[in-house]
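The listed protein sequences derive, respectively, from chains A and B. Under the numbering used here, the final residue of the first sequence carries the number 702; numbering is consecutive throughout. Under the numbering used here, the final residue of the second sequence carries the number 323; numbering is consecutive throughout.
Among these hints, one or two may not hold up.
[As the list claims (entries may be wrong)] Part of the chain B face toward chain A, derived, beta carbon under 7 Å: (1) ASN85; (2) ILE95; (3) ASP184; (4) PRO192; (5) GLU196; (6) GLU224; (7) GLY225; (8) GLU230; (9) ALA242; (10) ASN244; (11) THR284; (12) PHE290; (13) ILE314.
Since the hints were derived computationally from the structure, they do not count as laboratory data. Glycine is no exception: its CB is placed at the ideal position from the N, C-alpha and C atoms.
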Amino acid sequence: KKSNRKINIDDYKDIWVFIETEHGKPRNVGLELLGQGRNLAEKLNQNLVGIVFGKNTDEVVKEVKDYGTDKIIVVEGEEFEHYNTDSYTIALTKLINEYKPSVILIGATNNGRDLGPRVACRVKTGLTADCTDLGVDEDSGNVAWTRPAFGGNIMATILCPDHRPQIGTVRPNVFKKPEVEVKEHCKIIREKIEVEPKDIRTKRIDFIKLASEESVNLEEADVIVSGGRGLRNPENFAIIKELADVMGGTVGASRAAVDAGWLPAIHQVGQTGKTVGPKIYIACGISGAIQHYAGMSSSDIIIAINKDKDAPIFDVADYGIVGDLFEVVPALTEEIRKLKNI
Amino acid sequence: MNIIVCVKQVPDTTEVRIDPETNTLMRKGVPSIMNPFDKNALEAAVQLKEEHGGTVTAITMGPPQAKAVLKECLSVGADKAYLVSDIAFGGADTLATSYTLASAIKTMCDYDLIICGKQAIDGDTAQVGPEIAEHLDIAQVTYVTKVKVEGDKIITEREHDEGYEVIEAQIPSVITVVKAINEPRYATVKSKMASNRVEIPTITSADLVVDEKMLGLDGSPTKVNKIFSPPKRLSGVMIKHDNGKDSACELIQKLTELRVI
Ligand SMILES: Cc1cc2nc3c(=O)[nH]c(=O)nc-3n(C[C@H](O)[C@H](O)[C@H](O)COP(=O)(O)OP(=O)(O)OC[C@H]3O[C@@H](n4cnc5c(N)ncnc54)[C@H](O)[C@@H]3O)c2cc1C
Ligand SMILES: Cc1cc2nc3c(=O)[nH]c(=O)nc-3n(C[C@H](O)[C@H](O)[C@H](O)COP(=O)(O)OP(=O)(O)OC[C@H]3O[C@@H](n4cnc5c(N)ncnc54)[C@H](O)[C@@H]3O)c2cc1C
């Protein structure tokens with residue numbers, strides 16, 4: 361077998377989950393991955409380890425502990441307050457070299473997909489991108505990483521047989537958060553890692569928060585109501601917003617609607633927009649192109665409203681309403697208002 | 063500002079399917095295009111050059127026919143273009159691809175900035191940009207929506223769920239750009255004809271100082287084990303009444319039965 365780095369694979373043990381934090385709290389995707397990490401740990405008979413970086417991590421550690429981790433490795437310091445490519449890469453690489461994990465799961469967020477390749481390249485191992493399914497290859501005991509490619513048209517299962525750690529970024533919202541299960545013996549290890557200022561080559565000098573009505577956290581929304589070209593103009597998005605509001609949801613959009621300038625790009629769902637996984641996804645006036653579907657295929661329930669009975673969106677919708685959205689959407693808003701007495 | 067732009071030739075993914083008989087990709091007859099995000103990368107480079115002077119060099123790693131995307135780059139503002147091509151580079155994953163590209167970049171004149179697309183629409187990994195930065199041991203900023211140069215630094219805006227991070231980075235650095243950064247310009251008939259006449263040099267593994275074990279398939283730690291068609295979601299219940307209100311009521315009733323609302 362060819363392998364350019366002679367490593368003894370048996371030296372590498374444990375399943376690590378990198379917990380991304382935001383405002384001193386773990387992001388959902390890290391918790392989702394703890395469930396997947398637990399599965400792998402059980403199948404491979406190894407420990408599940410949470411990796412937490414931050415300035416104040418107490419709250420995060422407390423929460424992560426309750427998701428079945430055997431161990432948590434914590435790195436605290438000013439340089440870890442916000443995600444920074446260099447400081448996070450230095451710290452994670454140092455931990456990898458010291459502890460030799462077998463597997464690392466990282467959420468496929470913008471930051472996770474910034475960190476993953478940098479670290480994988482530094483330790484010269486393989487990285488599978490944006491996975492939607494994880495398993496163990498029966499023959500070899502390697503992690504079998506499954507991911508969509510070609511804009512969701514195909515799926516590929518990828519192995520990293522001769523290198524360690526095996527690293528993958530995993531899409532948010534594909535897996536459910538596991539049940540809380542308090543462990544009696546979760547070992548907490550604090551590692552002091554100092555990063556020299558000269559080794560930090562980028563600096564976050566400002567943060568421009570979008571006005572609250574513009575800020576959209578589609579990735580963590582339970583209900584998303586999306587509009588497409590069928591809306592015809594930006595003003596008509598008001599009916600989408602109303603339906604989203606009565607359902608406690610967030611507004612999404614197809615690329616056609618974004619390209620037309622009707623909504624800012626952060627609303628875009630799809631291959632080149634956000635990947636979402638709400639409980640309910642309502643597509644209004646969206647045809648259902650594969651690139652749109654790629655971003656919302658893991659929604660629990662997909663509802664489509666389209667006047668064309670042959671629109672491809674109906675092939676993937678759990679409930680399809682054939683009709684004029686300008687009639688159906690306001691009627692839905694009205695009925696839900698009645699139901700909820702608001 | 064000397065800028066290198068990495069561009070990839072990709073199949074138009076809307077038309078790629080799996081052959082159900084052989085379980086392999088059916089690429090036959092699928093048109094090849096320049097990766098859409100790389101058009102934004104090139105446009106960003108050309109705009110910086112227009113403001114600060116310097117040169118824009120486009121490079122691609124791929125088979126000889128990938129020269130087509132380099133010609134396209136030359137027709138919309140790139141000054142030079144190189145094809146990085148060798149049988150030894152075949153079958154590369156992102157680690158080997160970025161190693162090869164970084165090694166090719168090292169042979170070029172001084173550069174201040176390397177611009178990549180956010181991701182390629184075929185492999186979809188978004189890993190090549192950051193890995194090039196690591197091989198070259200320089201800074202990186204990903205998902206960039208704005209870039210300007212200030213002295214020996216660049217100031218960028220980077221996409222974030224709740225807004226934008228403003229990130230300052232040292233030069234040289236690698237940035238990967240999203241579609242929102244600009245509107246790529248079109249070639250003119252004249253610029254197309256001119257670019258067609260340009261000879262594009264090919265860089266092979268003999269031109270590079272590389273560890274051959276890190277190239278191509280052998281240098282790739284990840285192995286594609288199998289490919290398959292995505293599982294189909296079963297289509298569900300269709301609701302079609304003459305008026306919208308009846309349809310809405312039926313849907314609400316179904317959702318209430320499921321206890322999701
Ligand atoms: C590389 C690449 C990346 C892409 N990335 C994305 C992405 O991330 N996200 C994305 O969404 N797209 C993406 N696309 C674009 C995608 O292919 C489609 O073009 C796009 O999704 C179409 O948007 P739409 O459904 O809103 O518009 P259309 O396809 O024009 O559909 C509009 C629909 O509205 C219906 N309609 C019209 N009027 C009414 C009415 N009164 N009532 C009810 N229905 C009505 C019509 O029947 C039609 O089905 C990408 C494309 C490429 C090539
Ligand atoms: C189905 C499938 C799944 C795969 N999954 C993985 C995986 O999980 N991990 C992995 O390591 N490899 C994977 N690969 C291999 C990977 O697609 C190739 O290494 C590819 O050459 C580069 O990756 P990308 O297309 O994802 O590019 P990205 O990393 O998405 O491209 C980002 C940017 O890098 C630049 N760039 C990328 N490729 C080139 C090039 N050839 N020349 C010039 N510039 C370029 C462009 O600016 C581009 O916009 C997979 C391949 C297939 C067919």
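| Would the hint on ASN85 of chain B stand, with a C-beta cut-off of 7 Å toward chain A? | 10 Å, violated
| task | Using Cβ atoms only, decide whether PHE290 of chain B comes closer than 7 Å to chain A, and label the hint accordingly. | result | PHE290 of chain B check passes; min Cβ-Cβ to chain A is 5 Å, inside 7 Å.
| For the hint on ILE95 of chain B, does the least C-beta distance to chain A fall short of 7 Å? | 13 Å, violated
| request: Identify whether the interface hint at GLU196 of chain B stands, where standing means a beta carbon of chain A within less than 7 Å of its own. | output: 4 Å, holds
| said: Does ASP184 of chain B hold up as a contact with chain A if the rule is Cβ-Cβ below 7 Å? | reply: At 5 Å from the nearest chain A Cβ, ASP184 of chain B passes the 7 Å test, so the hint holds.
| query | Holds or violated: GLY225 of chain B as interface residue toward chain A, Cβ cutoff 7 Å? | reply | 4 Å, holds
| Does the nearest C-beta of chain A fall within a distance shorter than 7 Å of the C-beta of GLU224 of chain B? | 5 Å, holds
| query | With a cut-off of 7 Å, does the beta carbon of PRO192 of chain B approach a beta carbon of chain A closely enough for the hint to hold? | reply | 4 Å, holds
| Does GLU230 of chain B meet its interface restraint, that is, does its C-beta lie within less than 7 Å of any C-beta in chain A? | 5 Å, holds
| query | Holds or violated: THR284 of chain B as interface residue toward chain A, Cβ cutoff 7 Å? | reply | Holds: closest Cβ of chain A sits about 4 Å from THR284 of chain B, inside 7 Å.
| message | For the restraint on ALA242 of chain B, tell me whether the closest CB of chain A is nearer than 7 Å. | response | 5 Å, holds
| request: Against chain A, run the beta carbon of ILE314 of chain B and see if the smallest gap drops under 7 Å. | output: Cβ of ILE314 of chain B sits 5 Å from chain A, so the hint holds.
In summary, the structure is inconsistent with hints 1, 2 and 10 from the numbered list given earlier, while agreeing with the others.
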